[in-house]
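**Student:** Taken in order, these protein sequences are the chains called W and H. Residue 357 in my numbering sits at position 217 of the first sequence, and the numbers go up by one each step. Residue 632 in my numbering sits at position 343 of the second sequence, and the numbers go up by one each step.
Rather than coming from a laboratory, the hints here were simulated on the basis of the structure. One or more hints might be untrue.
[To be verified] Cut-off 27 Å, straight-line C-alpha distance, at most; resulting in silico cross-link-like pairs (DSS-like, lysine-lysine): (1) W:Lys502 - H:Lys609; (2) H:Lys397 - W:Lys502; (3) W:Lys508 - H:Lys397; (4) H:Lys397 - W:Lys507.
[What the hints assert, rightly or not] Quick partial rundown of chain H residues pointing at chain W, CB under 10 Å, derived from the structure: (5) Leu354; (6) Asn357; (7) Ser398; (8) Pro578; (9) Phe616; (10) Asp617.
[Stated by the list, open to error] Listing some non-contacts, in silico: residues in chain W with all C-beta distances to chain H over 10 Å: (11) His163; (12) Asp291; (13) Glu319; (14) Asn350; (15) Ser441.
Built from N, CA and C at the ideal position, the CB exists for glycine as well.
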Amino acid sequence: MTRLQTLQDFYQKHVQPYYRDAHKSQEEHKPIAWVASTFPIEILQAMDITPIWPENYASICAARQISVQLAEIAENQGYSRDLCSYARTVIGAILKEDTQHLPEGGLPKPDFLVASTAACDTHLKWFQILSHHLKRPLFLLDSPYNTMGADADHLEAGLIEQYVLQLLGLIKFLEEQTETTLDRSKLRESLALSDNTSNLWLEIQGYRKNSPSPMGARDAFSAIFFMLSIPATKVAVNFYQALRDEVRNLVGKGLGKIENERYRLIWDNLPMWFNLRFFNYLNSLGAVTVAETFSHVWTGSLDPSEPLESLAKKYLPNFANCSLDRRVNLILQLAEDYQANAIILPTNWGCRMMSIGETVVKEAIFKKLGIPSLILDVDSSDWRNYDEYQVKTKLETYLKTLK
Amino acid sequence: MKILESFGRILYERHVIAEKWKAQHRPVIGWNSTYTPEEIILAADALPIRILGSLRPTTLADACLPRNACSFVRSTLDMALRGDYAYLDGLVTSNSCDNFNKTYDLWKSYAKIPYFHFINTPHTNTSVAHSFFCREIRRLKESLEDAFRTTIPSKAINRAIQRCNENRVLLKKVYDLRRKSTPAINGVEALEIVLSSMLTSKEQHSTLLRQLLKEIENRPNPPKPGIRLLITGSVMDATDLISITEAVGGIVVADDLCTGTRYFWNLVSASKDPIDAISKRYLDKIPSPSRYHHRNGRFAHIENMIRRYDVEAVINFLLKFCDTHMFDAPLLTEELRSQGIPVLNLEWEHTRSGIAPLKTRIEAFIETIKGVP
Ligand code: SF4
Ligand code: SF4
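One chain only, chain H, in its complex shape (with noise of 0.2 Å):
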């Protein structure tokens, strides 16, 4: 289907994209954590782009960074060194996580990039937490328009988290046509759609949402039905472990993932105060495992999920080095077996040679759970 593939087409040609807003004289802004507020960079006239890696091998950034560090900070990182960052007017990163943390400051002394800015995220959502985290949002409001030469009035933010809002409310949408006994879509073009969401204009994207929702209907060549999965994990930004995982009899039909369900599922309230309310939705929503709630906000999403989307299993797919998902996994892993949902867990490293081994992994892991022996 033609409307599908313009998911992808955002996705790989996402550098030619943001060149040409720039070329309109609008600033292009990067950013790495869902605990960024896009709509204040929205509100900015500007254009959020997410930060993604590739598969490519990381020489420059090998040369820099110590074995241990995970292999996604590793590959953004490497482009940001080979200039395939060189359009951004600014990075907006926040400590999302110690290796992003620790890497900012390699970004900071070897990307060029003009502008870099900070977001102290709270690890907790509490009342002081709260009030904390608005600071930091008016911060990064006052540095955006400083830097840009520019005001954001409340009547700007409103709009943007409309606009923000309208794309959310459209892929929970989308997300629903995969709880059918036979999903419209596949796993594969569920992350092209959520990440392509986060590399073009809001309005344009929920206009190929809106589309897509009509033609899908009539979709002549619907995927194939497999064991229903859930993945799970690290950041994930290529279609590729999902591809081999459709290709030995799944479905991915729900996510847990900052490139997934983490980053839309949770709408900004209407409030007096737009800051506020953007503040409630980003501490308050669901949480990523470096971030401490109610014990454990991200275990019970999952359990949701699986319900939700009548889940078989889960996968949960876990960058080496990335410390926050990995000690999460053992009690993930025991908590859901004791609710009869099988998991994999299997480690990976960013890299086209990282993910091919796996395959025989997911396809025996599916060839137990459909019985096969």
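Just chain W, same shape as in the assembly (with noise of 0.2 Å):
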């Protein structure tokens, strides 16, 4: 099996650093903003706030095994345990006593938080409760719902104007909590990195349509952390070009992540982060994953000559702020681009957005391609709502049903 060299230790080169600068911030008193996916980054980056985002730390708890724990204290206040277990481990985070022994020390303190609704409505509700608990404000960015699922070039007019004022209302907010203002040709620069990012990012996740293909799913998850956590940074820029290298040469030499791929597969939504041995498990099945959804929904290009109008169109297209016919047609999409032969849908107990569904999309991939998916109940950071033994049966069973 073939391992990318650019990605080892990739925890402790990459996201440790991370987590520590943002510690260091916070003692130096510059600006950080808690901020929820799907949103904007890029402004904050483009005033020098820095981004801390929730979710990535709690997918970092759990793959450290410590999530669950979390998640119990958010349930002895009260929490229901059917909520997204991204939002009970953060919010146990929060409440835990001694920070000490939580992974880096903790999350750092926010100034302000900031979140949308483009995604679901446990970040408006999840933030909120933080929000309460740290007693620093909120910016809730009221994006439209992208009822048809339109891309960036079929959007309707209203939606991207509404964006685009609220928007303004976040700059509004940030210019107040930072007591700056926003420089324009900064944020022109943020949004040319950012886009840099994602070109590279869309580069790298175009040489896996090669047989063998150079990457599987657990390299993206983690390579992934530049493109949510700071696109627009040259860091993440430098660091994506060396990945596209090597994995240009990869493809050069013909190898892959596996010698004899079986199975194509692409992989909707999360991982479970707490196991992400699974894709290990997966490859010595003969099956690598081309595609996830997940690195797919967070590119975008921008045009930093219309910097709120192409963070519209990056944003509002983002699937979970869309109709599911933006799904399919995303993992159609893939399906043929990346010649792949086996389609895996997993739920997350905690997400409706990533649960109801998936059997309009499982039926309409049938219908167009005539590939069956596979639907697994799995969660991302609960453990207790994952059962590996039926799990692994189905997969195989399934796996041997495909030609």
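Build the complex from these two chains, which are given one at a time in their own frames, with help from the hints.
**Tutor:** In structure tokens form, the structure reads like this:
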């Protein structure tokens, strides 16, 4: 099995320093914002605000096998076990009295919080609760729902306009909080960097179309860290350049994640962060994940000359903010482009967005491509909602039925 | 009392009423979020009816929904799949919560309804949100005009506003009958009254309410007094929960429900531009927990109700997987308890067997308030 050099010790080399720096920023009184996903992080970065992403932190806690322990703290306060496990984990982490034993010394405290309504109700409610406990203000970016599931080129003008107005509200909030003004040239720079990051990421993804595919899901779910957390930085660009070079090289040599690709998989939504080894197990069955929807929904080109409009065009079509058609179309496209012959549709116990509708997706894919999909009931961070034996049995049976 | 029974009859015969309306060649439009401006549907001379579920098993919906979907959307979808809503000429829905939002895709794929419309409701009520929502209301108007080949003049909207407001004012008067030390109506009756207002013409309903207000003074069998309760939580479209609560020594005198005060409490103000007035009414109304107002508009409403109706304790009925209400529960509980109000949080499932086991817990809660050891 090929291992990517660029991703060796990824956590120690990239994630840990990121949290260490953020803690330092806090000591130096530089602004820190907690941010939920599907948020235009580029604006924060243009204002030198350190974004901290609680969802990422929850996934780290899951990988370190302490998310359930933290979730239980929240559950003891009355938060239902059926709520999103990211939310429970982080609520537990901030309610936990001693933070010493938390990964990376706990989350660096924010000066303010920002979230949007683009992904789920959870973001709104969860961040409201965090804001209450941390006694820090929350700005909610009221993103309109992309009812038609339109892509960047087909969005209704009214939706873009509304998003832009929300961005203006956000900028005002950030300017008040940081007592600075947004420098428009820095915003353009930020967008250019993020655009660059996104393009490199897509280029890397493109190499996975080759057989054998040089990269699997486990690599992608690590490497995507920069895309999500700090896309508008040179660090991200440099990292992805190196990764791209390595992946290109492997393809040139005809090397892949595994040699004998019997199954080329598409993985929808999130992994079980507490069990990333699951993907190694997949490899051992002759299966390699060639694309994750997750690796594609956060991309989007940005035009620095039209900063706010292009942010609207990047974030409104995120499939979390869209009718199911968009998810279906993305998977169909990926299946075709990446020549996949198997599709895994994991649900997520605490997440309606990732769970409701998978049957429609499954039907639509089968109708169009004749490929059956497998729905797996799992959870992103709470292993109590995950039955390994059942999942593996289902998976093996599924793979056997494929031609 | 005869008049009281008429509300229950509307509720239990709602499909027949809708079919009759349809037989007069007027469209019946379903809706399922209290952010749907009924006024516009009424102005199109259609009958807006709230989509309610039933407590029956949901085998058809189970086949296409995951286990972790709220059992209310499961039940309503099941009814749609069974053809219970086959009479609908259209469905107007909105991004009221993730469960509904995502299930809408299933309705579109599987329910045979000729017309669908989605209202993009903002989560905030800033001026930016209002202008967007005004546009959404106009979009709904135009879409109905197109689909049902009609025109909706401002006059018709104003008339609809009047009718809705009148009904709301009467509902409030009926609710005030519960402020007395011996409430003139019980919680089951109150729920039937509000639910029925969403299922028939406003004129008919208001006529019934007027009659009720006239006759209720001489009610021969007033409800049994008990511990005065406010109920809040997820959607409540069946009276079973209240019924078991009132059977064990409670009396429900107030609520914070989307099938209760959240539906009718606020009026549309008089304004030159009816669309603007409607937008204000809906976005500024008592918020559902899925909206983000000046922090805790919902909690403030509950506290207000507690004072107004002299409430002794609160029961929070939480449907499993109803995220927005679940997330609110711990802080709401903390806030109310700090004011000396006992709170019982109960998770339930929208089925008959999901309701029965709650009885003992409600009884124990009421006993402790009564001070029974
Ligand atoms: S996992 Fe689902 S519910 Fe949780 S934050 Fe992500 S989108 Fe929201
Ligand atoms: S009960 Fe809760 S989750 Fe279910 S539809 Fe209503 S608001 Fe949504």
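**Student:** Now tell me, hint by hint, if it's right for this structure.
**Tutor:** Each hint tested on the structure:
1. Taking the CA atoms of W:Lys502 and H:Lys609, the gap is about 25 Å. The hint holds against a cut of 27 Å.
2. For the hint pairing H:Lys397 with W:Lys502, the CA-to-CA distance comes to about 16 Å; that is within 27 Å, so the pair holds.
3. For the given pair, W:Lys508 sits about 18 Å from H:Lys397 by alpha-carbon distance, which is consistent with the 27 Å threshold.
4. In summary, the hint linking H:Lys397 to W:Lys507 is supported, as the alpha carbons are separated by about 17 Å, within the 27 Å threshold.
5. Given hint, H:Leu354 at the interface with chain W, holds; its Cβ is 6 Å from that chain's nearest Cβ, closer than 10 Å.
6. For H:Asn357, the shortest C-beta to C-beta distance to chain W is roughly 5 Å, which falls under 10 Å, so the interface hint holds.
7. Of the supplied interface hints, the one on H:Ser398 holds, with its beta-carbon coming within about 5 Å of a beta-carbon of chain W, less than 10 Å.
8. Interface hint at H:Pro578: satisfied, since its Cβ lies 7 Å from the closest Cβ of chain W, which is below the 10 Å cut-off.
9. Residue-level restraint check for H:Phe616 holds (minimum Cβ-Cβ distance to chain W is 4 Å; threshold 10 Å).
10. Taking 10 Å as the C-beta contact cut-off toward chain W, the hint placing H:Asp617 at the interface holds, the least distance being around 7 Å.
11. A cut-off of 10 Å between C-beta atoms confirms that W:His163 is not in contact with chain H; the least separation is 28 Å.
12. In this structure W:Asp291 is separated from chain H by more than 10 Å, as the shortest Cβ-Cβ distance comes to about 17 Å.
13. At roughly 22 Å from the closest C-beta of chain H, the C-beta of W:Glu319 stays outside 10 Å, upholding its exclusion from the interface.
14. Even its closest Cβ contact with chain H, about 34 Å, leaves W:Asn350 beyond 10 Å, as expected for a residue assigned away from the interface.
15. In this structure W:Ser441 is separated from chain H by more than 10 Å, as the shortest Cβ-Cβ distance comes to about 25 Å.
Violated hints for the displayed structure: none, as all numbered hints are satisfied.
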